[in-house]
Amino acid sequence: MTKEQNMINADTEYGVDSRYETTKDREQDAVALMQARLERMKNLPKEQVLRAKLLQLKLKMENYLKEPVYDKQNHFAQFLETYIDAIYSKRSEFAKDINVTPVFLSKVINSHREPKEEFILKLMVHSEKVFKQVGVFHNKTWYQVYYHEKLCDTMSSQDEWRPKIEKQVKLRSEV
Amino acid sequence: MNIVECLTGKVYPIEILPVENTDYKSLSKARYFFDWKEERKQEVFKLVMKGQKDILGLVSIERIPAEWRIHIRLLTVSKENAGSGKIFENIAGNLICYVAKIAVADFGALACVSLRPKSSIAQHYIEKYNMHVAGTTLSLEVPEIINLINQFDHD
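Here the protein sequences come in this chain order: A and B.
Everything in the first sequence is counted per this note's numbering, starting at 1 for the first residue and increasing by one.
Everything in the second sequence is counted per this note's numbering, starting at 1 for the first residue and increasing by one.
It cannot be assumed that every hint is accurate.
Unchecked claim - Think about it this way: if two alpha-carbon atoms lie no more than 25 angstroms apart in a straight line, the pair counts; the simulated BS3-like pairs of lysine-lysine are:
{"hint": "1", "chain 1": "B", "residue 1": "128", "chain 2": "B", "residue 2": "10"}
{"hint": "2", "chain 1": "B", "residue 1": "128", "chain 2": "A", "residue 2": "24"}
{"hint": "3", "chain 1": "A", "residue 1": "90", "chain 2": "A", "residue 2": "107"}
{"hint": "4", "chain 1": "B", "residue 1": "10", "chain 2": "B", "residue 2": "25"}
{"hint": "5", "chain 1": "B", "residue 1": "50", "chain 2": "A", "residue 2": "140"}
{"hint": "6", "chain 1": "A", "residue 1": "66", "chain 2": "B", "residue 2": "50"}
{"hint": "7", "chain 1": "A", "residue 1": "24", "chain 2": "A", "residue 2": "60"}
{"hint": "8", "chain 1": "A", "residue 1": "90", "chain 2": "A", "residue 2": "66"}
{"hint": "9", "chain 1": "A", "residue 1": "107", "chain 2": "A", "residue 2": "72"}
{"hint": "10", "chain 1": "A", "residue 1": "122", "chain 2": "A", "residue 2": "53"}
{"hint": "11", "chain 1": "B", "residue 1": "53", "chain 2": "B", "residue 2": "29"}
{"hint": "12", "chain 1": "B", "residue 1": "41", "chain 2": "B", "residue 2": "10"}
{"hint": "13", "chain 1": "A", "residue 1": "66", "chain 2": "B", "residue 2": "53"}
{"hint": "14", "chain 1": "A", "residue 1": "60", "chain 2": "B", "residue 2": "50"}
{"hint": "15", "chain 1": "A", "residue 1": "129", "chain 2": "A", "residue 2": "96"}
{"hint": "16", "chain 1": "A", "residue 1": "96", "chain 2": "A", "residue 2": "116"}
{"hint": "17", "chain 1": "B", "residue 1": "41", "chain 2": "A", "residue 2": "24"}
{"hint": "18", "chain 1": "B", "residue 1": "25", "chain 2": "B", "residue 2": "53"}
To be verified - Here are a few chain B residues that face chain A, going by a calculated C-beta distance under 10 angstroms:
{"hint": "19", "residue": "45"}
{"hint": "20", "residue": "57"}
{"hint": "21", "residue": "58"}
{"hint": "22", "residue": "76"}
{"hint": "23", "residue": "79"}
{"hint": "24", "residue": "81"}
{"hint": "25", "residue": "111"}
{"hint": "26", "residue": "112"}
{"hint": "27", "residue": "125"}
{"hint": "28", "residue": "136"}
{"hint": "29", "residue": "137"}
{"hint": "30", "residue": "139"}
{"hint": "31", "residue": "141"}
{"hint": "32", "residue": "154"}
{"hint": "33", "residue": "155"}
These are computed hints drawn from the structure, not numbers from a lab.
Using N, Cα and C, we set each Cβ at its ideal position, and we do this for glycine too.
Please model the complete structure; the sequences and the hints are all you need to start from.
Structural data, given as structure tokens:
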């Protein structure tokens, strides 16, 4: 081995080869690791579980924003539901905390009603406070999710709205 | 996410992207320590400076949903970023953080990232990333996995 190679290998971060050589190795490690993890999980404080749930939500929202999603799901409502259920045992408590009626909140969660701008602003401020204990959470995230979904839905449903709208749009010949 | 130029302390934003088939031509053992072509069938990610193509680090992973775990198979930094004369700091940390983010997004409070370094370098990973030891495997779990994400992910 060259002097240079020795110098590099002395740096523990040049790399790791963690590949299992045999299935037996892999299975033995899996059992030992799972036992140790389950033991640690028993003693995991509730606050840490909440931190993890909120970080999971944040990462899922960020992943959702990375590319267009053309499906029929109501992502904003689903993220909102996950957010509330992670923090509160009763959704009505959240409604009270952000000064909306439980009925209005229920309609937003079930996609029977659009969230008003004021609702999203309240959600933004609420999240700022909650995520202080978790990590960085951009206050524009809820807005981004809401409009990302609107945009994706609009672009994916052109067959439905375009025929009617095109009849109403004319272009003067001189333009 | 960013890396730091050791000489100047200057910070550069990075991105971590899936390795494309065309990348494998440039992944020589001389520069990336392992034969990365062997990992073609795995999920492999590369670390590059934002807007650039040069690969500074690589990681390949195996998702094990039945165990709420992602196992790091292979991890490396490019040759010029290893050793005492390295150019950039935090390449390995960012790659581990990226895997940790996938694990938390997929498994929440049960998330786990594992790796199996040789015993001579295991201590380094235990100390630097607060990893737990179970047999020959090291693991990152809640809360340490969250702390690691917060340490490296500033986006």
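Going down the list of hints, with the structure as the test:
1. Using a Cα cut-off of 25 angstroms, the hinted pair residue 128 of chain B and residue 10 of chain B holds, with the two alpha carbons roughly 22 angstroms apart.
2. Between residue 128 of chain B and residue 24 of chain A the alpha-carbon distance is near 29 angstroms, which puts this suggested pair outside the 25 angstroms criterion.
3. Note on residue 90 of chain A and residue 107 of chain A: the hinted pairing holds, with a Cα-Cα distance of about 15 angstroms set against a maximum of 25 angstroms.
4. Proposed proximity of residue 10 of chain B and residue 25 of chain B is contradicted: the alpha carbons are some 30 angstroms apart, above 25 angstroms.
5. For the hint linking residue 50 of chain B to residue 140 of chain A, the alpha-carbon distance of about 23 angstroms falls within 25 angstroms, and the restraint holds.
6. Note on residue 66 of chain A and residue 50 of chain B: the hinted pairing holds, with a Cα-Cα distance of about 16 angstroms set against a maximum of 25 angstroms.
7. With a C-alpha separation of about 35 angstroms, the suggested pairing of residue 24 of chain A with residue 60 of chain A is violated against the 25 angstroms cut-off.
8. For the hint linking residue 90 of chain A to residue 66 of chain A, the alpha-carbon distance of about 32 angstroms lies beyond 25 angstroms, and the restraint is violated.
9. Simply put, residue 107 of chain A and residue 72 of chain A have alpha-carbon atoms about 18 angstroms apart, close enough for the 25 angstroms limit, and the pair holds.
10. A hinted pair counts as satisfied when its Cα atoms are at most 25 angstroms apart, and residue 122 of chain A with residue 53 of chain A qualifies at roughly 21 angstroms.
11. With a C-alpha separation of about 18 angstroms, the suggested pair residue 53 of chain B and residue 29 of chain B falls inside the 25 angstroms cut-off, and the hint holds.
12. Taking the CA atoms of residue 41 of chain B and residue 10 of chain B, the gap is near 36 angstroms; set against the 25 angstroms cutoff, the hint is violated.
13. Annotation: proposed proximity of residue 66 of chain A to residue 53 of chain B holds, straight-line Cα distance about 20 angstroms (limit 25 angstroms).
14. At roughly 22 angstroms between alpha-carbon atoms, residue 60 of chain A and residue 50 of chain B fall within 25 angstroms of each other, so this suggested pair holds.
15. Our distance criterion of 25 angstroms between C-alpha atoms is met by residue 129 of chain A and residue 96 of chain A, whose separation comes to about 16 angstroms.
16. Only pairs whose Cα atoms come within 25 angstroms are accepted, and residue 96 of chain A paired with residue 116 of chain A is accepted, the gap being roughly 16 angstroms.
17. Taken as a hint, the residue 41 of chain B and residue 24 of chain A pair is honoured in the structure, with Cα atoms around 22 angstroms apart against an allowance of 25 angstroms.
18. Under the criterion of a C-alpha separation no larger than 25 angstroms, the hint pairing residue 25 of chain B with residue 53 of chain B is consistent with the structure, at around 13 angstroms.
19. Violation of the interface hint for residue 45 of chain B is found here, the shortest Cβ-Cβ separation to chain A being roughly 14 angstroms, above the 10 angstroms cut-off.
20. About 9 angstroms separates the beta-carbon of residue 57 of chain B from the nearest beta-carbon of chain A, less than 10 angstroms, and the hint is met.
21. Satisfaction of the interface hint for residue 58 of chain B is found here, the shortest Cβ-Cβ separation to chain A being roughly 9 angstroms, below the 10 angstroms cut-off.
22. Checking residue 76 of chain B against chain A by beta carbon gives a least distance of about 3 angstroms; that is within 10 angstroms, so the hint holds.
23. A cut of 10 angstroms between beta carbons decides the hint on residue 79 of chain B: the least distance to chain A is about 7 angstroms, and the hint holds.
24. Evaluation of the residue 81 of chain B hint against chain A yields a held restraint, the C-beta minimum of about 8 angstroms falling below 10 angstroms.
25. Interface hint status for residue 111 of chain B: upheld, as the beta-carbon distance to the closest one in chain A is roughly 7 angstroms, under 10 angstroms.
26. Hint on residue 112 of chain B holds. Least Cβ distance to chain A is approximately 6 angstroms, under the 10 angstroms limit.
27. Taking 10 angstroms as the C-beta contact cut-off toward chain A, the hint placing residue 125 of chain B at the interface holds, the least distance being around 7 angstroms.
28. Taking 10 angstroms as the C-beta contact cut-off toward chain A, the hint placing residue 136 of chain B at the interface holds, the least distance being around 6 angstroms.
29. Proximity of residue 137 of chain B to chain A holds as hinted, the smallest CB-CB distance being about 5 angstroms (cut-off 10 angstroms).
30. The criterion of a C-beta within 10 angstroms of any C-beta in chain A is met by residue 139 of chain B, whose closest approach is roughly 6 angstroms, and the hint holds.
31. For residue 141 of chain B, the interface hint holds, the least distance from its beta-carbon to any beta-carbon of chain A being 6 angstroms, beneath 10 angstroms.
32. Interface restraint check for residue 154 of chain B: the shortest CB-CB distance to chain A comes to about 7 angstroms, inside 10 angstroms, so the restraint holds.
33. Evaluation of the residue 155 of chain B hint against chain A yields a held restraint, the C-beta minimum of about 8 angstroms falling below 10 angstroms.
Hints 2, 4, 7, 8, 12 and 19 from the list above are not met by this structure, while the remaining hints are.
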